[in-house]
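There are 2 protein chains.
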Amino acid sequence: MTPLPTVPLSAVPLSAVTITDEFWAPRREVVRTRTIPQQYRQLAEAGHLDALRLDWKPGDDKEPHIFWESDVAKWIEAASNTLVHHPDPHLDAALDQVIGLVAGAQGDDGYLNVHFTVVKPGLRFTDLRDAHELYCLGHLVEAAVAHHRATGKTSLLDIVLGYLELVRREFGEGGVAAHGYDGHEEIELALVKLFDLTGDRTHLDLAAQFVNDRGTKPFFFEDEARRRGDDGFFARYFPRRPEEAERHRQYSQSHLPVREQDEAVGHSVRAMYLYSAMADLAARLGDDGLRAACERLWTSVVDRKMYVTGGIGADASIEGFRGDHELPNDASYNETCASIGLVMWAWRMGLLTGEGRYGDVAELALHNTVLAGASSDGTHYFYGNPMQSDGEHARQEWFGVACCPPNYARLLTSLESYAFATGGDEVVVTLFIGGEVRVDLDEGPVRLSVETRYPWEGQVRVRVEDAARFTLAVRVPAWANGATATVNGERIDVDALVDRGYLRVHRDWAAGDELVLELPLVAERLWADPAVSADTGLVAVRRGPLVLCAEMRGDEPAAGSLVLGRDALFTDGWDDELDVAVVEATAMADHWPEDADGLYRVTGPDQVAIQVRLVPYFAWGNRGPSSMRVWLREGPSSRA
Amino acid sequence: MTPLPTVPLSAVPLSAVTITDEFWAPRREVVRTRTIPQQYRQLAEAGHLDALRLDWKPGDDKEPHIFWESDVAKWIEAASNTLVHHPDPHLDAALDQVIGLVAGAQGDDGYLNVHFTVVKPGLRFTDLRDAHELYCLGHLVEAAVAHHRATGKTSLLDIVLGYLELVRREFGEGGVAAHGYDGHEEIELALVKLFDLTGDRTHLDLAAQFVNDRGTKPFFFEDEARRRGDDGFFARYFPRRPEEAERHRQYSQSHLPVREQDEAVGHSVRAMYLYSAMADLAARLGDDGLRAACERLWTSVVDRKMYVTGGIGADASIEGFRGDHELPNDASYNETCASIGLVMWAWRMGLLTGEGRYGDVAELALHNTVLAGASSDGTHYFYGNPMQSDGEHARQEWFGVACCPPNYARLLTSLESYAFATGGDEVVVTLFIGGEVRVDLDEGPVRLSVETRYPWEGQVRVRVEDAARFTLAVRVPAWANGATATVNGERIDVDALVDRGYLRVHRDWAAGDELVLELPLVAERLWADPAVSADTGLVAVRRGPLVLCAEMRGDEPAAGSLVLGRDALFTDGWDDELDVAVVEATAMADHWPEDADGLYRVTGPDQVAIQVRLVPYFAWGNRGPSSMRVWLREGPSSRA
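Residue numbers (the numbering used here), protein chains in the order written: chain V, 1 to 640; chain R, 1 to 640.
Be aware that a few hints might be false.
Just so you know, same-sequence chains aren't split out, so a pair can sit in one copy or run between any two.
[What the hints assert, rightly or not] Capping the alpha-carbon separation at 25 Å, the derived lysine to any residue pairs in SDA-like fashion look like this:
| id | residue 1 | residue 2 |
| --- | --- | --- |
| 1 | K120 | G229 |
| 2 | K217 | E170 |
| 3 | K120 | D230 |
| 4 | K193 | R395 |
| 5 | K120 | R236 |
| 6 | K193 | L441 |
| 7 | K120 | D231 |
| 8 | K62 | P242 |
| 9 | K57 | D109 |
| 10 | K62 | E246 |
| 11 | K62 | A245 |
| 12 | K120 | P242 |
| 13 | K62 | D576 |
| 14 | K57 | F234 |
| 15 | K153 | I492 |
| 16 | K62 | E244 |
| 17 | K57 | P242 |
| 18 | K62 | G122 |
| 19 | K153 | E224 |
| 20 | K217 | W574 |
| 21 | K193 | E170 |
In short, the hints are calculated from the structure, not lab data.
Let's have the full structure, built from the sequences with the hints guiding it.
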């Protein structure tokens, strides 16, 4: 056995990776050339940008909303990310102009929130549970870090540093919001990013303060409401909140100190952002209590509350988690942002632990519910990612609450960081994305290049470009039974060399050495734990990281009427229209005799065999109205 | 062909019918001896009775709720009904005492509503949309009619007649609520009952006024809210009502003039009570516009929005209808009161049209979702009647909103009226209930006696006890393919004699003549219209009027895991514990191999054959926690 790596691992900056992958590069180019410009137009039209001029007056339309800054910030972050590899003077100038607007909205004391400046002056930091002020600041901080890393400029960084000085005072002893924290987590992980950039420990301390104060008694949000004398910004959306206090504490994960939390509850995006910050702090502070809580919460999500697609947050009424195994298919909310958050958290858990199982989940969510978040042309979005649709679900150009589209953009434009990591003498390949990475090991820089047709094909070819002694760690997904590998053409023993989810090969690598991993990409059936009563009698199909779905259109039988026989064989295929790999199979479909009528009838359907083409979940909904099912009815046979 | 009867038909009073039926008589005896006393205790404990003393003060507990009078009134109605055939001095005295409390709560001007007297004085008739004042009055009127018919007393009748004088003024031109009507329909049908009792046309006119004003522009409820300056009693339950005006007009069926309504929408109990009043008025006024609207709305409910059990109102968030064919099984609300309302409306449609198809639906709802409303011991109740349960659904002793239990009691205690009707020279047998009925035809009184073991067996034996020339009309349910009949032992041609759902035999009947109808009571499969996507791949089992369900307990496989083969044979049986007829069949059940684990796994279940016993829907939930399904997965075969 090779020695275990020193954990935690470190992330690799965007600039150290060049993605040339034939699956991802075109999709990222769509984001850069279509999504980011379209989102700028949408933000401008919706009023987000003009709002920063602070000239809104009561009675005007387009009242600045409490979380508008976050949408702008995520756009800045995504746009900045693209500049790392694609210098673009026009986009650079557009960023300067938007950041200029942000600067203009900042008060002399550093405060920066348009809603509380022009709509509710005098009420800043009095409704932390609902009003998203620090959430907005968190996104501005993430944007500032990305903008600085991409351009070297400090324009946005200076803004957020000024604001943070005010925040540190107001949330410190004697401040207006002492012991407070935000209802929507985000600032915490952003402060860790700022610490990573600046090395300024006060940012890490403030993140830890927010995380540690959360959920302690007396409950801050309830005290705050009493002081304020009303039930807050969301009172009308949550009329029963006063009676349902515990449920609403859970909504914002403030029901228990975070170290005592065992079950993922409440709003799923909030949960993911909190858990991400907890993993960040556990790694940077060596905090075993936070790490243990993260590991328990991970089990709660991944073993009991996650859809097979990597979607989380089934309950639309709270955009959040239901109980264990409560995963209904006809009411599966699965916000795109929640799956993005799951990727963010999984990535951090992988860095914290060095374990590949986190990468498995990051990959699952990324390739399915995240990628489904935008249309193939990059300009229409899913807010929810249902497990089934009977034609009612379609991507939209924008949303009144527009969190998901720019979140999608910033994730796709920062994919570099999610693919690779490094720690000790180890170079870690977590996602299989063609391109080049350069990492700095103790003994010097090492470059790797990756070639693959993943996720369509299972071969991943990693070439070492610089001679060095190090451990090359390549994730072997848990689903990849029978994976094989060679080094310079010679077979190595994968089973013996896989340690905690990574194939780890330690040796003196010469320039030109190649490790080739062969993952068996075959379509296979998945069944759910029978505790998931919604999936009883149903079967899903996965091919590698991609979950497939039946998408039926026009005169085809409804997807819900298909029955996949246990004996049905799968054939790999390609769909030219969608430009994706598909799986073909014979299924049975209901066929109704002519004389059957009435709402309830004594004549049932016959079954006829039809060929169906299962498409990757991420690709559904790109060809007009359709019926779609991830989980298909299962029968003993697909033969008539 | 015999001549068609003159419609509308007339109802038969409770006193004209004696029920001795072996299915119904014991169930009605449970209501009389257990349910009614238990409900009295519950009303006393909850504070409904003490509230009538008007001594509640702000700060006291048990704040009188806006619809408490309606619960008391329904109890009075049910208790009064039992006195018709079971004189009971103690119950009579208890009724006098409760009515005395009601009398004490009435103001000098006739007004009677505890909530608006002690909680919100000065605000009477200002929140008709939400505050249920006329709904409560309607139930008091129905109770007064029942009490008077049972006892001859006028104590409650005098109370409501006094209140109605005030209502007539306040809802007339110049009154505080001119052009107003109640958000929860009920007063309308109650006023028709009062007209039927008293012959006083002003009651019928007021009912017509409320029905005709409903849904006209300007929308009364919105004007009323503007005048009041707030969004009403339910504002906190419906925070989005101002933005969702049309949906909330539909909630109370006030979105369109009633004659223009085509689709059953909104709160389903409200809808049923409105449609009942529309049918009443159509019959009494010969109003073809109302009749046509009723027939369109009937089609909307029965052909597109009704569960196979007769349950209606799938959407828990509004206790009401979803869209056409939107009949999800895992979110099937189906309030007991809504099915009671469906029986009430169906009965009135039958009287209005003389058609048997309405009786078919009354019978369906009565034998399934209504009868399920109470436990076999008569003291625990279902508010909702779901199509499936995984152990979470159980009857309760009482509810904060206690509309269903006393509604169940008043329906069961007035079953006499639903069974028979008369019109012209016709005596109509709609429900098959053993007992005696006496009707007055033009040429004199006629008595019939009915013997049957329905719904367990299909023979219905109707004996004429008095010689007379008349048409005996006995409903032949639409499901009864192959029904046969004899008169005095001689076969008659059912197909030729069935006209609009009734077997109509016109002749000189002699005392002792017998018409025997043989309905083929066989278990058969039902499938739903494929437009009901929730039922795709599923099958239900019906035996005559009873819909069956799988109820699995203890270590048995979950009901949702059962697969009923298309080739499975049904065997009639009897369950001694439940004392009901059952249907037995071989089904397949999922059996998981030991090595299958994980939330999602690559090993699926095998199937094993098991014997299952399907029980009547009404009888489920009487033996502790269970899993239950009405719709079962269907497979090609039940053979291993």
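Here's how the hints hold up against the structure:
1. K120 to G229: both (15 Å within a copy, 23 Å between copies)
2. K217 to E170: Cα proximity of K217 and E170: one copy only (20 Å, versus 54 Å across).
3. K120 to D230: Intra 14 Å, inter 23 Å, cutoff 25 Å: intra and inter.
4. K193 to R395: Neither. Shortest intra-copy (32 Å) and inter-copy (53 Å) distances fail the 25 Å Cα cut-off.
5. K120 to R236: both (17 Å within a copy, 23 Å between copies)
6. K193 to L441: within (22 Å within a copy, 91 Å between copies)
7. K120 to D231: This pair counts as both: shortest intra-copy Cα distance 15 Å, inter-copy 23 Å.
8. K62 to P242: between (30 Å within a copy, 19 Å between copies)
9. K57 to D109: The answer is within: 22 Å in one copy meets 25 Å, while 51 Å across copies does not.
10. K62 to E246: Only across copies: K62 and E246 sit 24 Å apart there, 34 Å inside one copy, limit 25 Å.
11. K62 to A245: between (32 Å within a copy, 22 Å between copies)
12. K120 to P242: Classified as both; 23 Å inside a copy, 22 Å across copies.
13. K62 to D576: The answer is neither: 43 Å in one copy and 68 Å across copies each exceed 25 Å.
14. K57 to F234: within (22 Å within a copy, 32 Å between copies)
15. K153 to I492: neither (47 Å within a copy, 98 Å between copies)
16. K62 to E244: between (32 Å within a copy, 20 Å between copies)
17. K57 to P242: Close across copies (23 Å), not inside one copy (32 Å); limit 25 Å.
18. K62 to G122: within (21 Å within a copy, 40 Å between copies)
19. K153 to E224: The answer is neither: 38 Å in one copy and 59 Å across copies each exceed 25 Å.
20. K217 to W574: Result: close neither inside a copy nor across copies, 57 Å intra and 58 Å inter.
21. K193 to E170: within (21 Å within a copy, 68 Å between copies)
The structure does not agree with the numbered hints 4, 13, 15, 19 and 20 stated previously, though it agrees with the rest.
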